[in-house]
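Novice: Line by line, the protein sequences are chains A and B. Numbering (the working numbering) for the first sequence: 1 to 361. Numbering (the working numbering) for the second sequence: 1001 to 1361.
In short, the hints are calculated from the structure, not lab data. Be aware that a few hints might be false.
Here are the simulated DMTMM-like pairs of lysine to aspartate or glutamate, each with C-alpha atoms no more than 25 Å apart in a straight line [said to hold, decoys possible]:
| hint | chain 1 | residue 1 | chain 2 | residue 2 |
| --- | --- | --- | --- | --- |
| 1 | B | K1301 | A | D307 |
| 2 | B | K1301 | A | D344 |
| 3 | B | K1177 | B | E1166 |
| 4 | A | K301 | B | D1324 |
| 5 | A | K256 | A | D324 |
| 6 | A | K182 | A | D208 |
| 7 | B | K1256 | B | D1162 |
| 8 | A | K301 | B | E1340 |
| 9 | B | K1301 | A | D350 |
| 10 | B | K1301 | A | D107 |
| 11 | B | K1301 | A | D332 |
| 12 | B | K1177 | B | D1271 |
| 13 | B | K1182 | B | D1162 |
| 14 | B | K1301 | A | E212 |
| 15 | A | K177 | A | D324 |
| 16 | B | K1256 | B | D1359 |
| 17 | A | K177 | A | D208 |
| 18 | A | K177 | A | E38 |
| 19 | B | K1301 | A | E152 |
| 20 | A | K301 | B | D1250 |
| 21 | A | K301 | B | D1350 |
| 22 | B | K1301 | A | E340 |
| 23 | B | K1177 | B | E1152 |
| 24 | A | K301 | B | D1307 |
| 25 | B | K1301 | B | D1344 |
| 26 | B | K1177 | B | D1299 |
| 27 | B | K1182 | B | E1152 |
| 28 | B | K1256 | B | E1357 |
| 29 | A | K301 | B | E1159 |
| 30 | A | K301 | B | D1344 |
| 31 | A | K177 | A | D299 |
| 32 | A | K301 | B | E1255 |
| 33 | A | K182 | A | D107 |
| 34 | B | K1177 | B | D1105 |
| 35 | A | K256 | A | E159 |
The structure displayed is predicted, hence computed values, not measured ones.
Protein chains: 2
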Amino acid sequence: MPNVHCVVLAGGSGTRFWPASRRLMPKQLLPLAGRADEPLIAATLRRIEPLVPPERVWISTGTRLVDATAAALPRVPRAHLLAEPVARNTAPCIGWAAATIARTDPDAIVAVLPADHFIGDEPGFRDVLERALRAAEDGWLTTIGIVPTRPETGYGYIEVGDRVGEGVHAVARFVEKPSREKAEAFVAGGRHLWNAGMFFFRASVMRDAIAEHMPALATGLARIEEAAARGDEARALAEVFPTLPSISIDHGVMEKAERIAVVPGSFGWNDVGSWQVTWEMSERDAQGNALPEGTIAIDAKNNLVRDLSPGAARKRWALVGVSDLVIVETDDAVLVIPRERAQDVRAVIDALTARGETDRL
Amino acid sequence: MPNVHCVVLAGGSGTRFWPASRRLMPKQLLPLAGRADEPLIAATLRRIEPLVPPERVWISTGTRLVDATAAALPRVPRAHLLAEPVARNTAPCIGWAAATIARTDPDAIVAVLPADHFIGDEPGFRDVLERALRAAEDGWLTTIGIVPTRPETGYGYIEVGDRVGEGVHAVARFVEKPSREKAEAFVAGGRHLWNAGMFFFRASVMRDAIAEHMPALATGLARIEEAAARGDEARALAEVFPTLPSISIDHGVMEKAERIAVVPGSFGWNDVGSWQVTWEMSERDAQGNALPEGTIAIDAKNNLVRDLSPGAARKRWALVGVSDLVIVETDDAVLVIPRERAQDVRAVIDALTARGETDRL
């Protein structure tokens, strides 16, 4: 098999983990699930390291996040941090990354993975990954579809088509986020999978697909390549990137191209969408609490406390008679919210925005 | 009227306001009710200042609290901080304070007030105080009795006897903390008042009463006085104080002496017994919350948040969908507890003690 490179999508600036996540410290740079000292993006790299070493990892991120991202990933070459001057959704950044990789490795197979997901069964995940990479080697634009465990209305779905190989199917169609009724039918029917935003392809196949389905993007990428050949990539990026179409790779390429494959998988995947999920993914005591070390908990059940403030190590938390709470403290903010309302942290973001307190966003 | 001196009892080391209150920073040194920047003891002095200026105020406290107490009361002469080497309840400290005052002002009238209570109606309180001081001038050992507003079982009561002057009654008897049934009968009967631990007397009258009813204390105080006359008070205190009987002034003197008077009063008195009371006494927003300035509160009701940590000024609290909580943060601890369970902070103290975490007590 040709070399496999991995492009990690790490441009997100999620607000659902405020006050831990900030514009300059988004979700993927925080240890929100799994090991308490491992940012989600570091876990993403560790998981794939048996298949892709750090020197073939590329990070797609935004200019403002480059330093913090590099600090979290000391083993990735600094030149592999691909900083978009402006965010243009996933098609331009994946196209640019694929072109960049192909400069030195034209036969490369590329795996595109989100930086900020949790995976419980890592060997199982790598098995599915290997299957997807083999399909990509065979020329398929390949994705992984997660076998749904609930009628989730927050994700897109992939309808499975004919079998085209060992554990690999053609994609019948991509389906937008469904209604509750449709989602229930999808789960019951067994022919729909969650679209988890993972993609696998030969660099040359993606280049050709972009040329066919997104000619404006192809033209822009060609300008960047020419400038790069002259050693003038930075200026071309700043000029060209803002003009590229802001479209997802799903809409721009996957839904239109031929030979789209999906590998179904079940490996304890979770997109770590809220503090509620952090609680679910955390180690918990017998009363269901995930608390800082040494906390005194009396008649306290199913709480999550994350103390990310500088003084956390010397601080003693004491919870008496409270249940199902999320409490998150940082240097400059404290959030107190019931677990079941964790999504409503957006209302706090809105209030901060309305007040102009942008330094806390 | 002869000079009025005030002895403020400030030896308490309450644990009910953990984590704000500590062994070295007890309740009376904290702003737990009323003005957010005024420790309870400072409010006590401010309230009586129209009647007793700071240069005639004396503070009875423990050796370990002298520095912090002096810092809270810069206008009280340092020599007026009477530091007990060991705590021996109120009879020895009141006897010692009265003797000390009498050295330079033998005709003094002495008012003894707890340092750590809240009073809502300050002019009304001063009216009652003046009445009590006049009774003291007439030779009565006088106390103030609070007209009860509920069948409280946590206080001692005073049964009112015959009227002996304008708003002044003889005390029929002192009653220990009653059962619930008795307390209800007291409130319904209208002849019982709460014992709030305030006492008023001529220094000479108290001296004579101690001589008659607590001869061992009188002997010990005489030894201290003799040493003080030789300029050797400190050593005498260290030797004598631990040998004095550890008895309250109520048990040791008031319940035995003749000519005991009580002045009934209603002036918004509160002994600030728990965080629940702090919430009741605090300024609250339309949703019943008492929160740090700038807090974002969404669907949040009747909460108390006190941030006493060094970073409080730059910290933004956000409460979403939580009600009736008390949250208190300090430099090294955070307490989260429902308001109605505020008394259960004792369980946290017990846990810290069991763990040997005495640095947090």
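Novice: Compare the structure with each hint and give your call.
Specialist: Against the structure, the hints come out as follows:
| no. | hint | verdict |
| --- | --- | --- |
| 1 | B/K1301 to A/D307 | holds (24 Å) |
| 2 | B/K1301 to A/D344 | holds (16 Å) |
| 3 | B/K1177 to B/E1166 | violated (28 Å) |
| 4 | A/K301 to B/D1324 | holds (17 Å) |
| 5 | A/K256 to A/D324 | violated (45 Å) |
| 6 | A/K182 to A/D208 | violated (34 Å) |
| 7 | B/K1256 to B/D1162 | holds (17 Å) |
| 8 | A/K301 to B/E1340 | holds (17 Å) |
| 9 | B/K1301 to A/D350 | holds (20 Å) |
| 10 | B/K1301 to A/D107 | violated (62 Å) |
| 11 | B/K1301 to A/D332 | holds (23 Å) |
| 12 | B/K1177 to B/D1271 | holds (15 Å) |
| 13 | B/K1182 to B/D1162 | holds (22 Å) |
| 14 | B/K1301 to A/E212 | violated (58 Å) |
| 15 | A/K177 to A/D324 | violated (29 Å) |
| 16 | B/K1256 to B/D1359 | violated (42 Å) |
| 17 | A/K177 to A/D208 | violated (28 Å) |
| 18 | A/K177 to A/E38 | violated (31 Å) |
| 19 | B/K1301 to A/E152 | violated (32 Å) |
| 20 | A/K301 to B/D1250 | violated (45 Å) |
| 21 | A/K301 to B/D1350 | holds (20 Å) |
| 22 | B/K1301 to A/E340 | holds (17 Å) |
| 23 | B/K1177 to B/E1152 | holds (9 Å) |
| 24 | A/K301 to B/D1307 | holds (24 Å) |
| 25 | B/K1301 to B/D1344 | holds (21 Å) |
| 26 | B/K1177 to B/D1299 | violated (40 Å) |
| 27 | B/K1182 to B/E1152 | holds (10 Å) |
| 28 | B/K1256 to B/E1357 | violated (43 Å) |
| 29 | A/K301 to B/E1159 | violated (47 Å) |
| 30 | A/K301 to B/D1344 | holds (16 Å) |
| 31 | A/K177 to A/D299 | violated (40 Å) |
| 32 | A/K301 to B/E1255 | violated (49 Å) |
| 33 | A/K182 to A/D107 | violated (41 Å) |
| 34 | B/K1177 to B/D1105 | violated (36 Å) |
| 35 | A/K256 to A/E159 | holds (15 Å) |
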